[in-house]
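Whole structure, please, built from the sequences with the hints as guidance.
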Amino acid sequence: MRALDWSRNPLGEPAAWPLQLRTLVGVMLGARQGILIVWGPQQITLYNDHYAEMLGARHPAAMGQRFQEVWYEIWDQVDPIISAAYAGESTQMDDIAFEMLRNGYPEETHFSFSYTPVRDEAGAVSGMFCACNELTQRVNAERQVLAQSTHLASLFDATPSFMAVLNGPEHRFSMTNAPYRALIGHRDPIGLTVREALPDLQGQFFFDLLDEVYRTGRAAVGSGTEIQFQRAADAPPERRFLDFIYQPLQTDAAVTGILVVGTDVTDRKIVSLQLEQDNVALARRAEETEERLRQAQKMEAVGQLTGGIAHDFNNMLQGIVLPLQVIRKRLAQQRFDNLDGYVEAGLASARRAASLTQRLLAFSRRQPLDEKVADVALSIRTVEPLLRTTCGENVDLVVDLPTGLWPVRTDTHQFESSLLNLVINARDAMPHGGSIRLGAANLALAADVLEGTDLPAGDYVEVSLADDGVGMPPEVLARVFDPFFTTKPIGQGTGLGLSMVYGYIRQSGGYVTVDSTEGAGTVVRLRLPRSPKLPLTSHAQPPHPCDAARGAHRVLVAEDDDVVRLLVVDLLRDRGHVVSEAVSGGQAMTMLDQDVAYDLLLSDVGLPGPNGRQVADYARERRPGIRVLLMTGYAAEVATNASFLGPGMALIVKPFDSDALIAKVEEVMRELSATASPTFPPGDVAPAHAVP
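According to numbering that gives the first Met the number 0, the sequence shown is numbered sequentially starting from 0.
Keep in mind that a hint or two might mislead.
[Unchecked claim] With a straight-line cut-off of 16 Å between C-alpha atoms, the simulated EDC-like cross-links for lysine to aspartate or glutamate are:
1) K268 x E287
2) K663 x D598
3) K328 x D598
4) K532 x E517
5) K532 x D374
6) K268 x E237
7) K371 x E415
8) K268 x E211
9) K532 x D458
10) K532 x D410
11) K268 x E286
[Unchecked claim] Ranges of calculated distance between the beta carbons of each label pair, as one might list FRET restraints:
12) A440 x S583: 23 to 31 Å
13) S82 x P17: 16 to 24 Å
14) G29 x I189: 23 to 31 Å
15) G438 x S82: 51 to 59 Å
16) A280 x Q249: 48 to 56 Å
17) A157 x A219: 24 to 32 Å
Simulated from the structure, these hints should not be mistaken for laboratory data. None of these values were measured; they are calculated from a predicted model. Even for Gly, the Cβ is constructed at its ideal location relative to N, Cα and C.
This is how it looks when you write it as structure tokens:
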């Protein structure tokens with residue numbers, strides 16, 4: 000700052016300045032914090048090097064400017080403060096937030112400062128002196144810590160095991176999760192010691208064990224440990240059995256607390272005690288009961304975790320189970336053709352399942368890009384079922400992909416995650432339902448089209464997503480890529496979705512545009528540069544031919560999952576059946592209209608277009624003697640209700656193994672063989688029911 004020409008400002012030559020001003024300038028230039036002086040009726044701005052850092056791109060032009068011109072965008076906040084200083088009042092602010100444009104873009108900033116009026120010899124205010132510190136980095140760090148703490152607390156509370164954190168030698172409760180609170184019942188232990196919160200544990204060695212862990216710093220483990228305590232205020236003591244660990248928490252090698260983690264294994268313990276007392280037959284029955292209980296608990300937990308994607312995930316599991324079973328059968332038969340195809344099919348389904356789980360659990364976590372040459376159309380088709388599930392019942396997703404799309408180099412997981420983010424935004428913009436249109440195109444973009452993007456002219460692949468939702472006004476559209484900016488109610492959006500999409504696309508060498516008109520919907524365009532290389536593809540070997548065996552049947556398989564359909568068709572052909580394939584309800588109905596005498600319709604329930612149940616009704620109307628076997632990945636209790644299956648229909652629930660499928664098909668076809676004439680006329684077929 001000393002190197003600047005100070006005479007070139009409205010205050011004139013520094014030598015002619017008042018003594019007070021020259022003295023303050025000397026103090027300002029020697030200070031090690033940001034100092035600002037506003038002087039005279041024009042409120043001319045002077046500052047030191049530390050304050051210049053706070054000005055960003057506005058330095059050095061701000062030197063000698065009127066203070067209002069320097070901070071014009073926050074003047075409505077600053078004006079009352081500086082007016083008070085010129086009125087002779089001092090102001091102290093410990094943390095004040097401003098949204099500034101100091102570097103050419105909006106940013107939230109935080110400052111602490113004091114405004115002190117400076118008077119002349121007559122006592123009149125000539126200006127003001129401000130000592131200022133920027134707190135923006137500290138505030139952002141504190142927010143990040145708070146967000147991480149909140150996230151950890153939510154994970155802590157969602158853990159199925161019971162957990163508690165005890166602080167100090169008295170073991171005072173500082174945190175408990177929902178399973179722990181359910182375990183101890185009516186009590187609120189936070190802030191209390193274990194002896195105060197759980198006095199009924201006195202004499203059961205738990206207090207002494209906690210004392211020993213705190214004293215020695217060594218963890219203690221309990222397995223099937225009996226405990227007696229009151230779970231309700233006016234109830235008798237209850238006997239429970241627990242698996243648990245007391246893990247010491249240390250700071251600078253000193254124990255500061257104990258983490259309690261455990262599981263209530265009472266049911267398992269009771270079954271175990273019963274097994275010890277019963278004979279071998281009773282023991283086996285008890286073990287089966289326990290296994291069913293564990294399986295039910297496991298399936299309940301899986302159901303809670305997967306929610307609305309259970310159908311998609313079951314399809315992926317089916318694509319894993321069947322290849323393994325087919326491989327085992329073919330190895331036993333000394334048939335080694337096409338084993339690689341089955342292995343790759345199983346691995347592909349496993350990778351899809353892992354990718355789906357990862358996306359559902361960690362969409363908000365930014366990860367390094369795993370770039371590879373990718374087929375955009377294939378990636379969109381891969382994630383399309385999840386996108387449709389996300390849209391819900393009131394929003395129609397229309398996917399229009401041309402052939403011949405150029406390859407791009409990108410992280411396919413991030414690409415699919417970006418599509419999901421965009422679909423969620425579009426869905427939320429249509430609270431009363433509507434349509435989302437997802438498309439792609441090859442574009443040769445000239446330099447003028449790419450002006451302002453820092454990208455070279457060339458070939459790009461554009462993926463566009465349009466909705467007919469509420470749209471955005473210009474002031475919202477201008478901020479769509481701002482981190483943490485959201486128009487959704489609190490708790491319904493983080494404001495990170497579009498900023499993450501923008502960052503990923505820019506990191507991939509592309510760019511994003513958003514066009515929106517309030518009341519007329521929104522169009523988002525992702526443009527990625529064309530890759531000179533082609534994506535790797537796998538070429539499946541043709542299935543092993545198998546002549547129809549004596550007694551073979553003609554089967555129509557309707558299944559939209561490619562892997563499941565491939566394997567089911569191969570299994571049936573291996574048994575000698577003549578098999579035709581359909582990938583949708585509409586295609587299956589078209590094939591049923593042809594002059595082919597199908598004996599069996601084997602159909603998935605959740606088909607695109609007409610569902611499997613509707614296709615079954617259509618088949619029974621056209622061919623009254625046809626048998627129907629429905630496959631479903633939905634919950635069995637939904638699919639097997641009394642009104643779902645009509646006469647002549649059977650059901651098999653995914654995931655199933657190959658033996659179960661073949662047995663079910665043969666069971667259904669035995670019924671056909673035993674029937675001399677059609678016994679289920681069209682009028683007896685129950686109406687179609689859509690499965691949620």
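The hints, checked one at a time:
About 14 Å separates the Cα atoms of K268 and E287, which keeps this hinted pair within 16 Å; it holds. Annotation: proposed proximity of K663 to D598 holds, straight-line Cα distance about 14 Å (limit 16 Å). The hinted pair formed by K328 and D598 fails the criterion: a straight-line CA distance of about 26 Å is larger than 16 Å. For the hint linking K532 to E517, the alpha-carbon distance of about 41 Å lies beyond 16 Å, and the restraint is violated.
A distance of roughly 11 Å separates the Cα atoms of K532 and D374; the hinted pair therefore holds under the 16 Å criterion. A threshold of 16 Å between alpha carbons decides the hint, and for K268 with E237 the separation of about 14 Å falls inside it, so the pair holds. Straight-line distance between C-alpha atoms of K371 and E415 comes to about 14 Å, which keeps the hinted pair within the 16 Å bound. The straight-line distance between the Cα atoms of K268 and E211 is roughly 27 Å, outside the 16 Å bound, and the hint therefore fails.
For the proposed pair K532 and D458, the alpha carbon gap of about 13 Å is at most 16 Å, so the pair holds. Restraint check for K532 and D410: satisfied, since their Cα atoms lie roughly 15 Å apart, inside the 16 Å limit. Between K268 and E286, the direct Cα distance comes to roughly 12 Å. Compliance with the 16 Å bound is thereby established for this hinted pair. Distance hint for A440 and S583: a CB-CB separation of about 25 Å, consistent with the stated range 23 to 31 Å.
Between S82 and P17 the beta carbon distance is about 22 Å. The supplied range of 16 to 24 Å therefore holds. Look at G29 against I189: about 52 Å separates their beta carbons, and that is not inside 23 to 31 Å. For the pair G438 and S82, the beta carbons lie near 56 Å from each other, so the given range of 51 to 59 Å is met. Taking 48 to 56 Å as the suggested C-beta distance range, the pair A280 and Q249 conforms, at roughly 51 Å.
A hinted range of 24 to 32 Å for the beta carbons of A157 and A219 is consistent with their spacing of about 25 Å.
Hints 3, 4, 8, 14, counting from the list given before, are not met by this structure.
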